[in-house]
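Each chain, written out:
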Amino acid sequence: MEQYEPDRLSPAQVAAMRRSFRNGRAALTRRSLLRASAGGALAAGGIGTLGACGIPAAGQSQGGVPAQDHSAKEKTVNFSNWTEYMDVDDSGKHHPTLEQFTKRTGVKVKYTEDINDNNEFFGKIKPQLAAGQDTGRDLIVLTDWLAGRLIRLGWVQKLDPSNLPHAYANLSAQFRSPDWDPGRAYSYVWQGISTVIAYNKKALDGVEVKSISDLLDNPRLKGRVGFLSEMRDSVGMTLLDMGKDPADFTADDYDAAIARLQKAVDKGQIRRFTGNDYTSDLTSGDFAACVAWAGDVVQLKADSPDIDFLIPDSGYMTSTDNLLIPNKARHKTNAERLIDFYYEPKPAAELAAYINYVCPVDGVKAELAKIDEDAANNPLIIPDKAMAAKSHAFRSLSSKEETEFEEKFAKLTGA
Amino acid sequence: MSTLTEAPPPLAPEAPEPKPPKRRGRWTPYWLLLPGILWLLVFFALPMIYQASTSVQTGSLEEGYKVTWHFATYWDALSAYWPQFVRSVLYAGTATILCLLLGYPLAYLIAFRAGRWRNLIMILVIAPFFTSFLIRTLAWKTILADGGPLVGALDTLHVLDVTNWLGWTAGDRVLATPLAVVCGLTYNFLPFMILPLYTSLERIDGRLHEAAGDLYARPWTTFRKVTFPLSMPGVVSGTLLTFIPATGDYVNADLLGSTDTRMVGNVIQTQFLRVLDYPTAAALSFILMAAILLMVTLYIRRSGTEDLV
Numbered sequence: 001m002e003q004y005e006p007d008r009l010s011p012a013q014v015a016a017m018r019r020s021f022r023n024g025r026a027a028l029t030r031r032s033l034l035r036a037s038a039g040g041a042l043a044a045g046g047i048g049t050l051g052a053c054g055i056p057a058a059g060q061s062q063g064g065v066p067a068q069d070h071s072a073k074e075k076t077v078n079f080s081n082w083t084e085y086m087d088v089d090d091s092g093k094h095h096p097t098l099e100q101f102t103k104r105t106g107v108k109v110k111y112t113e114d115i116n117d118n119n120e121f122f123g124k125i126k127p128q129l130a131a132g133q134d135t136g137r138d139l140i141v142l143t144d145w146l147a148g149r150l151i152r153l154g155w156v157q158k159l160d161p162s163n164l165p166h167a168y169a170n171l172s173a174q175f176r177s178p179d180w181d182p183g184r185a186y187s188y189v190w191q192g193i194s195t196v197i198a199y200n201k202k203a204l205d206g207v208e209v210k211s212i213s214d215l216l217d218n219p220r221l222k223g224r225v226g227f228l229s230e231m232r233d234s235v236g237m238t239l240l241d242m243g244k245d246p247a248d249f250t251a252d253d254y255d256a257a258i259a260r261l262q263k264a265v266d267k268g269q270i271r272r273f274t275g276n277d278y279t280s281d282l283t284s285g286d287f288a289a290c291v292a293w294a295g296d297v298v299q300l301k302a303d304s305p306d307i308d309f310l311i312p313d314s315g316y317m318t319s320t321d322n323l324l325i326p327n328k329a330r331h332k333t334n335a336e337r338l339i340d341f342y343y344e345p346k347p348a349a350e351l352a353a354y355i356n357y358v359c360p361v362d363g364v365k366a367e368l369a370k371i372d373e374d375a376a377n378n379p380l381i382i383p384d385k386a387m388a389a390k391s392h393a394f395r396s397l398s399s400k401e402e403t404e405f406e407e408k409f410a411k412l413t414g415a
Numbered sequence: 001m002s003t004l005t006e007a008p009p010p011l012a013p014e015a016p017e018p019k020p021p022k023r024r025g026r027w028t029p030y031w032l033l034l035p036g037i038l039w040l041l042v043f044f045a046l047p048m049i050y051q052a053s054t055s056v057q058t059g060s061l062e063e064g065y066k067v068t069w070h071f072a073t074y075w076d077a078l079s080a081y082w083p084q085f086v087r088s089v090l091y092a093g094t095a096t097i098l099c100l101l102l103g104y105p106l107a108y109l110i111a112f113r114a115g116r117w118r119n120l121i122m123i124l125v126i127a128p129f130f131t132s133f134l135i136r137t138l139a140w141k142t143i144l145a146d147g148g149p150l151v152g153a154l155d156t157l158h159v160l161d162v163t164n165w166l167g168w169t170a171g172d173r174v175l176a177t178p179l180a181v182v183c184g185l186t187y188n189f190l191p192f193m194i195l196p197l198y199t200s201l202e203r204i205d206g207r208l209h210e211a212a213g214d215l216y217a218r219p220w221t222t223f224r225k226v227t228f229p230l231s232m233p234g235v236v237s238g239t240l241l242t243f244i245p246a247t248g249d250y251v252n253a254d255l256l257g258s259t260d261t262r263m264v265g266n267v268i269q270t271q272f273l274r275v276l277d278y279p280t281a282a283a284l285s286f287i288l289m290a291a292i293l294l295m296v297t298l299y300i301r302r303s304g305t306e307d308l309v
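So the sequence lines, in the order shown, correspond to chains F and E. Be aware that the first sequence starts at 1, since it is given in UniProt numbering, and climbs by one per residue. Be aware that the second sequence starts at 1, since it is given in UniProt numbering, and climbs by one per residue.
One should not assume that every hint holds.
Below, a list of computed lysine-lysine pairs in the DSSO-like style, where the Cα atoms sit at most 30 Å apart [stated by the list, open to error]:
hint, chain 1, residue 1, chain 2, residue 2
1, F, K202, E, K66
2, F, K103, F, K201
3, F, K222, E, K141
4, E, K66, F, K263
5, E, K141, F, K210
Keep in mind that the hints were calculated from the coordinates and are not lab data.
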């Protein structure tokens with residue numbers, strides 16, 4: 001086959017053509033890329049119409065925006081929860097307590113496990129809530145500080161107490177009136193979370209750990225200590241260790257706690273700040289001891305005899321994951337009925353027996369004992385008096401404080 | 001009257017070249033470009049403009065954000081987080097060089113020596129993509145675990161003493177040190193280096209090697225004077241495909257690193273999601289983009305190659 005090469009082309013053009021024949025397509029060249037990147041830089045520099053953009057103020061009306069409630073017509077409720085936060089039967093396909101709810105009320109539950117991280121989930125629902133739109137969810141579960149933020153922003157709906165008789169009667173006293181939602185007007189506790197110290201006996205190799213101070217100072221644990229990337233848990237435990245009350249501290253106290261942690265970071269004492277992935281570090285022995293969530297530790301302990309936990313004399317942090325109904329949710333009444341259902345002792349006990357977190361429902365112990373005697377006597381699931389006395393909550397922060405404190409904590413963890 | 005049809009006239013040397021069929025197809029290239037352009041506009045240009053706008057806004061979540069042309073955010077972000085920038089470039093650069101050192105011999109082998117194993121080896125190079133990036137990185141935590149056999153062996157061989165001295169590791173561990181992060185980056189981006197290198201090497205005409213041999217070039221000289229220069233397009237695109245994403249990576253630093261190995265990607269993530277300082281996060285993203293654009297431009301200018309693939 002003859003190549004098509006008219007004489008009129010300059011030698012350079014012919015060469016270019018040959019090359020493109022050889023490569024079977026127009027080759028990407030250095031020059032073309034340079035030209036393109038210069039163009040890109042120009043475009044980036046030349047954007048002059050940015051002023052039109054902006055993000056509207058978040059706060060709408062305090063008290064939330066009620067939407068039209070379609071509960072009576074549409075017998076369904078969309079429930080977004082964290083992964084592994086619901087009882088599952090042996091086949092792994094059914095959620096027995098949810099099915100009981102459906103059987104009793106006729107309301108179908110569309111259950112989605114699409115929450116993995118508070119911050120990420122906030123980023124996901126923020127645009128819709130800020131614009132006053134339906135998120136497609138009737139019930140969401142968020143940790144207390146984020147629940148507080150949503151209430152502050154006016155993005156969740158006030159609950160109707162007449163739909164919540166069991167919840168009102170059975171909520172444990174220690175969860176009744178958090179400072180971010182006095183009297184539980186907007187939220188009810190799904191589960192409580194205790195923050196404790198977990199350790200790996202084998203990795204500790206005889207080193208005695210009793211307090212946060214041991215974690216921060218004992219040179220034999222250098223580089224084998226983990227803290228949580230959740231600011232309130234790590235700083236809260238440190239504040240307690242320093243004799244301060246996390247429910248009532250000043251900015252100076254906070255700075256002092258950060259400085260204390262910073263010293264340990266600088267010494268190389270703290271290996272890493274982790275999310276939920278500390279569990280693998282702890283089982284492998286890379287962490288000899290770490291700040292951990294009790295619900296995880298109960299499960300880890302069942303799998304590995306080396307793992308155990310302790311509660312420091314100075315106390316431990318408690319937080320909660322809370323059920324909330326976002327603005328514009330279509331099935332508010334159905335969602336409220338679901339909340340109330342989980343405050344009846346029987347379903348609450350079935351759930352607690354499965355997920356090992358702190359059960360917020362009074363009168364559940366007898367029901368739980370019928371299912372699992374050990375769980376009923378485990379203070380991590382149903383706190384006894386001594387345990388409850390040592391529990392502390394982190395005070396709620398103003399928006400300004402939140403940014404300031406998170407910024408300082410971010411610097412501590414390496415940015 | 002002739003029964004013969006006329007023979008076609010001989011092609012005149014100055015015959016006009018076959019014209020494209022009228023003007024009907026004039027708009028075709030634009031129609032073909034349309035989906036791509038729309039895609040770029042909606043998913044690249046608009047978000048870029050939005051982010052550029054965010055970076056010069058001030059405000060808070062409650063009061064809303066307004067464009068105030070507050071360019072000081074850029075300076076503040078840079079002066080607060082320059083160590084993370086320097087670290088990102090350093091780690092990504094090291095990982096790119098390691099990828100090149102590991103990838104070149106392998107690509108060479110696949111292109112010239114693998115014979116019937118070629119396809120199998122190519123599949124092995126691509127195979128890791130069948131598993132999630134996250135899972136593969138988490139697997140490195142098991143491989144590099146403190147009490148694990150690898151770290152034990154490195155310790156016995158006194159390799160860790162050397163890396164400790166260099167400041168790449170600390171104590172008797174590899175995890176949660178710069179070395180682990182660089183290893184993770186190298187591992188995760190290695191296929192992006194090998195594939196363009198292979199494409200480039202495979203295209204080299206084997207007869208050039210024979211010719212070099214005929215002209216009494218030693219194998220090393222052949223490589224230096226023939227093979228390597230001809231593979232430069234692959235080297236350049238491979239290093240770009242490795243370096244650019246590695247600089248912005250945050251997963252490796254998050255899972256394999258410690259507080260002193262955080263990269264700029266981690267800072268951006270923290271500012272966006274945790275601190276909720278959107279302007280600073282947007283400004284950091286733009287500084288990173290500008291820095292990469294500058295470095296890549298300088299690099300391509302100096303690389304002395306014309307083709308890039």
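Evaluated hints:
no.	hint	in the structure
1	K202(F) to K66(E)	55 Å, violated
2	K103(F) to K201(F)	46 Å, violated
3	K222(F) to K141(E)	19 Å, holds
4	K66(E) to K263(F)	38 Å, violated
5	K141(E) to K210(F)	28 Å, holds
Violated hints, in rising order: 1, 2, 4; the structure is consistent with all others.
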